[in-house]
Structures are given as C-alpha cells and as structure tokens.
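Given chain D, put chain V in place with the hints provided.
There are 2 protein chains.
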Amino acid sequence: MSRLAAGRIRHTVSFTLAHPEGSPAESEFLATAGALSAIPGVLEFEILRETSPKNPYRFGISMEFADRTAYDAYNEHPDHVRFVQERWLAEVTDFLEVDYEVPRPS
Amino acid sequence: MSRLAAGRIRHTVSFTLAHPEGSPAESEFLATAGALSAIPGVLEFEILRETSPKNPYRFGISMEFADRTAYDAYNEHPDHVRFVQERWLAEVTDFLEVDYEVPRPS
Numbered sequence: 003m004s005r006l007a008a009g010r011i012r013h014t015v016s017f018t019l020a021h022p023e024g025s026p027a028e029s030e031f032l033a034t035a036g037a038l039s040a041i042p043g044v045l046e047f048e049i050l051r052e053t054s055p056k057n058p059y060r061f062g063i064s065m066e067f068a069d070r071t072a073y074d075a076y077n078e079h080p081d082h083v084r085f086v087q088e089r090w091l092a093e094v095t096d097f098l099e100v101d102y103e104v105p106r107p108s
Numbered sequence: 003m004s005r006l007a008a009g010r011i012r013h014t015v016s017f018t019l020a021h022p023e024g025s026p027a028e029s030e031f032l033a034t035a036g037a038l039s040a041i042p043g044v045l046e047f048e049i050l051r052e053t054s055p056k057n058p059y060r061f062g063i064s065m066e067f068a069d070r071t072a073y074d075a076y077n078e079h080p081d082h083v084r085f086v087q088e089r090w091l092a093e094v095t096d097f098l099e100v101d102y103e104v105p106r107p108s
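Heads up: the protein sequence lines correspond to chains D and V, in order. In terms of my numbering, the first sequence opens at residue 3 and continues consecutively. In terms of my numbering, the second sequence opens at residue 3 and continues consecutively.
These aren't lab readings, by the way, just hints derived from the structure by calculation. Note that the structure is a prediction, hence the values are computed from the model and not measured. Don't take every hint at face value.
Chain copies aren't distinguished; within one or between two, either way the pair holds.
Straight-line C-alpha distance at most 25 Å; calculated SDA-like pairs for lysine to any residue [to be verified]:
1) Lys56 with Asp81
2) Lys56 with Val44
3) Lys56 with Thr18
4) Lys56 with Gly9
5) Lys56 with Ala8
6) Lys56 with Arg84
7) Lys56 with Ser25
8) Lys56 with Gly24
Chain D on its own, in the form it takes in the complex (with noise of 0.2 Å):
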C-alpha cells in the first residue's frame, strides 16, 4: 500500500544539480545520494527524476520516518551531516524541502 501510514512523516527534498544532465558527475552525486538510504530509520527510499516544467528542479529524493524521533535521528545521523557538507551544498544549484503527514483525525 503505497498511501502514507497515520503517524509517518514522508520527507521529500526536489533539487537541480550544477552538472550537467547525463554526465558522469551527475551520476555518481545521485550514486551516493543513494547511500543515504542506509541510515537508520529510512524508510520507502527514492531517488526520483522530476518532470514538470513547472518548476526549476530537475531530481527528488523521497523518504519516509515512522515518525518525528526518527527523522531527527536522520538529519542527526554523521552520514546525512556529511553529505550534506561535503557534497549537497557544493553541488546543489537550488533545492524544496516539502514534507507530508496525513491530516489529523477531525
């Protein structure tokens, strides 16, 4: 079942890179993107192409956390620090962080 469960939280981020479409940089940047996907408490992991013309991103990451302690512990974890240090904010031309939950009972 693809809907999200009551209680996660789906954490999206789209982006646009500053390699070129299809070069090997572009490549290996969304190869080790990948590797975030073993941290712990990643859930439902996605490296996604975006395709709308109606905004300026080109690539999404998509994930979800059984719920707010494990997403903290993500964007704690030493590996998504890294990452985003050494890789995200040299190479990343522009970026939306857009995270989902399903509405709360009325």
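Chain V only, in chain D's frame:
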C-alpha cells in the same frame, strides 16, 4: 510496495488556501478536492498536510498515473477542469506542482 513503479508518474501539488486554518471552508475545499480521486486513471490518491517550515505550503495532493496518457486524460477530464476553474483558482493562494518518474535505465 510504496516505491514508484517504472513508467508511472507521481503528480504532486503543494498548496496553501485562502481559508483560515481549521475552518469549515478549509475542510469543505479539501473534501471537494478528494473527489478528484474518482477520475479514471487516478491511483494512490492522497491529501496530506505539509509540515516542513522550509516552504510556504500547507497541504499536498499526491497521485500516480500508469503513464502519460492517463495523466493527460486526468488533466482534460471535465471534473478536473471544473474543479480548477470553479474552486482552485479562487481559493488557492500559492501552489507548486512537482512530478516524479523513475530514473531512466543508465
């Protein structure tokens, strides 16, 4: 399995409403938007809360299509066109469309 199947398109729209948070008008808009799920070809339809402070949006709609043909049919469906013209344009103050597809085999 939640990961996007090859060939599918995940269509997402993050948005903010003119209506006050928690208002009946907000609830009614979201309920009406939910009716889009009945349009043929719409898969994995979700209405979600947006919870990251790093963007201006407050809700998200997410859905998947088996292929571009199904997506085009949705865009052109009278119920979708009517919803956009009669409700979306009047009641949504800000929005962003982001569509995802599985990376092409390299």
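Each hint tested on the structure:
no.: 1; hint: Lys56 with Asp81; result: between (32 Å within a copy, 22 Å between copies)
no.: 2; hint: Lys56 with Val44; result: between (29 Å within a copy, 20 Å between copies)
no.: 3; hint: Lys56 with Thr18; result: both (14 Å within a copy, 17 Å between copies)
no.: 4; hint: Lys56 with Gly9; result: between (30 Å within a copy, 20 Å between copies)
no.: 5; hint: Lys56 with Ala8; result: between (30 Å within a copy, 22 Å between copies)
no.: 6; hint: Lys56 with Arg84; result: between (31 Å within a copy, 21 Å between copies)
no.: 7; hint: Lys56 with Ser25; result: within (24 Å within a copy, 30 Å between copies)
no.: 8; hint: Lys56 with Gly24; result: within (21 Å within a copy, 29 Å between copies)
When held up to the earlier numbered hints, the structure conflicts with none and fits them all.
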